[in-house]
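Residue numbers (our numbering), protein chains in the order written: chain A, 19 to 205; chain S, 19 to 205; chain V, 19 to 205; chain X, 19 to 205.
Derived by calculation from the structure, the hints in this document are not laboratory data. Backbone N, C-alpha and C fix where the C-beta goes; we use that ideal spot for every residue, glycine too. Check the hints yourself; a few may be wrong.
[Said to hold, decoys possible] From the derived model, a few chain V residues whose C-beta atoms are all more than 12 Å from chain A:
hint, residue
1, R48
2, Q49
3, R62
4, D68
5, V70
6, R77
7, V114
8, V128
9, D159
10, P162
11, R163
12, T173
13, Q176
14, D181
15, V201
[Said to hold, decoys possible] The following label-pair restraints were derived from C-beta to C-beta distances:
hint, chain 1, residue 1, chain 2, residue 2, range
16, S, A170, A, V114, 50 to 60 Å
17, A, D159, S, R161, 41 to 51 Å
18, V, P113, X, D180, 56 to 66 Å
19, A, V46, S, R161, 27 to 37 Å
20, X, D180, S, T173, 43 to 53 Å
21, A, D159, S, L116, 52 to 62 Å
22, A, L116, S, V78, 33 to 43 Å
23, V, Q176, A, P205, 17 to 27 Å
24, A, P80, X, L184, 29 to 39 Å
25, V, T134, S, V114, 53 to 63 Å
26, S, G158, A, E175, 47 to 57 Å
27, V, T173, S, T173, 43 to 53 Å
28, A, T83, S, E179, 49 to 59 Å
29, A, E108, X, G136, 23 to 33 Å
Number of protein chains: 4
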Amino acid sequence: MTDTAEFPREPDKPEQPSGWLTDGELAVVRQQIPILYVDAVPVRVDDSGDVVAVGLLLRVTPTGTMTRALVSGRVNYHERVRDALVRHIEKDLGPVALPQIPPAPQPFTVAEYFPTPGITSYHDARQHAVSLAYVVPVAGDCRPRQDAIELAWLTPEQACEDDVQLEMENGHGVLLRQAMAYVGRLP
Amino acid sequence: MTDTAEFPREPDKPEQPSGWLTDGELAVVRQQIPILYVDAVPVRVDDSGDVVAVGLLLRVTPTGTMTRALVSGRVNYHERVRDALVRHIEKDLGPVALPQIPPAPQPFTVAEYFPTPGITSYHDARQHAVSLAYVVPVAGDCRPRQDAIELAWLTPEQACEDDVQLEMENGHGVLLRQAMAYVGRLP
Amino acid sequence: MTDTAEFPREPDKPEQPSGWLTDGELAVVRQQIPILYVDAVPVRVDDSGDVVAVGLLLRVTPTGTMTRALVSGRVNYHERVRDALVRHIEKDLGPVALPQIPPAPQPFTVAEYFPTPGITSYHDARQHAVSLAYVVPVAGDCRPRQDAIELAWLTPEQACEDDVQLEMENGHGVLLRQAMAYVGRLP
Amino acid sequence: MTDTAEFPREPDKPEQPSGWLTDGELAVVRQQIPILYVDAVPVRVDDSGDVVAVGLLLRVTPTGTMTRALVSGRVNYHERVRDALVRHIEKDLGPVALPQIPPAPQPFTVAEYFPTPGITSYHDARQHAVSLAYVVPVAGDCRPRQDAIELAWLTPEQACEDDVQLEMENGHGVLLRQAMAYVGRLP
């Protein structure tokens, strides 16, 4: 999962906004309580709402491995879940992705990332994160930012294939297939 | 609930499309099995998906009473639920309403309209209808068609007020409040 | 899908209950409108609600093929969806299965079985059926009745394996995996 | 919301279990990130899963006011959401309540309690809490523990009446009505 708190601060934002933690503070809190996240599965839909493509972020890890990921990030103090969704989608897909944030707060699932592997399908070595997962149609132009080198649009069938699933870490592959099950497009 | 089968056929459609019933056939079937419907709650949302207004159709009954209604109609033979949603929204809100049909088929509730009042919150004297209910953001220009004289946009709070609720028949008032509960906007 | 209307009538029920169709009437209606169904995925859960096993009905088709199926059946005229769930679970799993019918009518998905294969993941040669699908924990003793020869309890992982999936017809394999995705147990 | 961390530690548990914070640590964290909670609406259901009663905890505040509340509490570090539900229900309703924890992690809504009133329907002066809300049927004997003086079972209609709603704080009244909307029992 991407975590905004770990990216270099932008030059024009010397002061931390309220509710942000320093890296040191965050490291301490992460050993104490579950951290609230949102996961978004960006999709293209046709006029009747049927999912025709899924957007996956392509990243290269420090060790040179190529990985695919969903949009993911922390909910800040005093931030609404829907505003966290908008913020992370804009951060990862750019400012003109035109996401259609679901009107209801009910997520399609809750993904529980444990630091210990095997308790659930999800894993995060850094922390115990609990993520509210949403399928988010995006209607606009997507330009990956930050550390992603590309946003690839795959059909639901392609996204569920073994080779793509193997490139997804921490249980994002399972979460993606849960999203496809939810929208009725599990192969 | 509005039922397309009962409206005068358009002049340029002399042949019934496959899966349509004559009024007589429909009357017989309605006494035999539950009829599948869709209900749509049209909403305006802001950039973060929060509902800011609900669209209600204003109609005048044959006896002169003013009523408010949701978008509602039958699912045809060999028609997907999402296509029925598009068709009924277009029928009631016009061709440029630009509805954002939810990507998932999971409805926020299932409304069971019984011919006998009191079994559920919903009632339909003509039939036993079972309706899949969805909240549908509409981004475009809405022009009520058919028998509706106006589409009124109300805030969630206004839509749940007693005087508006009293103008909604057959349990549509309850269904509207269920929709507001689902989107987190129940007053 | 199993359809009660097609099974031999029990000797002590010479008269059809209200809302039942003769086989001939049903055959006509099936070509005219979508037929409302319920699908139930019977599960065993532990004390924290986690699914530990899925129940699949084992049947032998007239041509001698062994198939596995979910609990499935039609909603009758003037019958609530939750009562149809109870009736079909009792029909297939016996009178002491002690099903825990979900308190909310919201299904985990809506399965649209078309007579034409390929439109959705589900198929029913006889009709256009639209099924509300629920995961139903059963706490009691299950004794398959009617035409099923056995009820087999499989782990979520086993139930999603290829050889089991191949024994499920009409898209029940996909529906089962959607159910496992919904309960967070998709392998 | 009830928070276990603030109750006197039991004599036989001198050491804090892993993942627990001291009151001082919790007070600091509460000003830094959203705290993950679960809310449970305890219900009695009939054989077909229909809700017949809602359980509300009766408490007297330090200032002598009588309040009604849902079951609510924090999710601990390295604790699954479903285990937190079991723990808080047992804490508030006793060890033989026999709760039927939902098999799916999808909550019926996400309640966002802000320290600033008016941002959402929910409010918590102490913190920014984000709560996953579930309807939980309880089949056993409920004996309120801790600080509650009684568990009162009300019909859905009674629970939504103004006088009961007024006794519920921090938005629990709205959350209760959302739960009733979800189970199809909103008056």
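Going down the list of hints, with the structure as the test:
1. R48: holds, 23 Å
2. Q49: Per Cβ check, V/Q49 is outside 12 Å of chain A; nearest 24 Å; holds.
3. R62: holds, 19 Å
4. D68: Incorrect as stated: the minimum Cβ-Cβ distance to chain A is 10 Å, not above 12 Å.
5. V70: holds, 15 Å
6. R77: Holds: least Cβ distance 24 Å, greater than 12 Å.
7. V114: holds, 32 Å
8. V128: The claim breaks: V/V128 does not keep its Cβ more than 12 Å from every Cβ of chain A (closest is about 8 Å).
9. D159: It holds; V/D159 is separated from chain A by about 31 Å at its closest Cβ, greater than 12 Å.
10. P162: Label holds. Min Cβ-Cβ 27 Å, cutoff 12 Å.
11. R163: holds, 30 Å
12. T173: holds, 14 Å
13. Q176: Label holds. Min Cβ-Cβ 16 Å, cutoff 12 Å.
14. D181: holds, 17 Å
15. V201: violated, 9 Å
16. S/A170 with A/V114: 50 to 60 Å: Between S/A170 and A/V114, where Cβ atoms are some 32 Å apart, the hint is violated.
17. A/D159 with S/R161: 41 to 51 Å: violated, 29 Å
18. V/P113 with X/D180: 56 to 66 Å: violated, 43 Å
19. A/V46 with S/R161: 27 to 37 Å: Since the Cβ atoms of A/V46 and S/R161 sit about 58 Å apart, the hinted range of 27 to 37 Å is violated.
20. X/D180 with S/T173: 43 to 53 Å: violated, 21 Å
21. A/D159 with S/L116: 52 to 62 Å: Because 18 Å falls outside the window, the suggested range is violated.
22. A/L116 with S/V78: 33 to 43 Å: Holds: the Cβ-Cβ distance is about 38 Å, inside 33 to 43 Å.
23. V/Q176 with A/P205: 17 to 27 Å: holds, 20 Å
24. A/P80 with X/L184: 29 to 39 Å: violated, 57 Å
25. V/T134 with S/V114: 53 to 63 Å: violated, 31 Å
26. S/G158 with A/E175: 47 to 57 Å: Once the Cβ atoms are compared, 31 Å apart, the range 47 to 57 Å for A/E175 and S/G158 is violated.
27. V/T173 with S/T173: 43 to 53 Å: Once the Cβ atoms are compared, 49 Å apart, the range 43 to 53 Å for S/T173 and V/T173 holds.
28. A/T83 with S/E179: 49 to 59 Å: The hint (49 to 59 Å, Cβ to Cβ) holds, given that A/T83 and S/E179 are roughly 57 Å apart.
29. A/E108 with X/G136: 23 to 33 Å: holds, 25 Å
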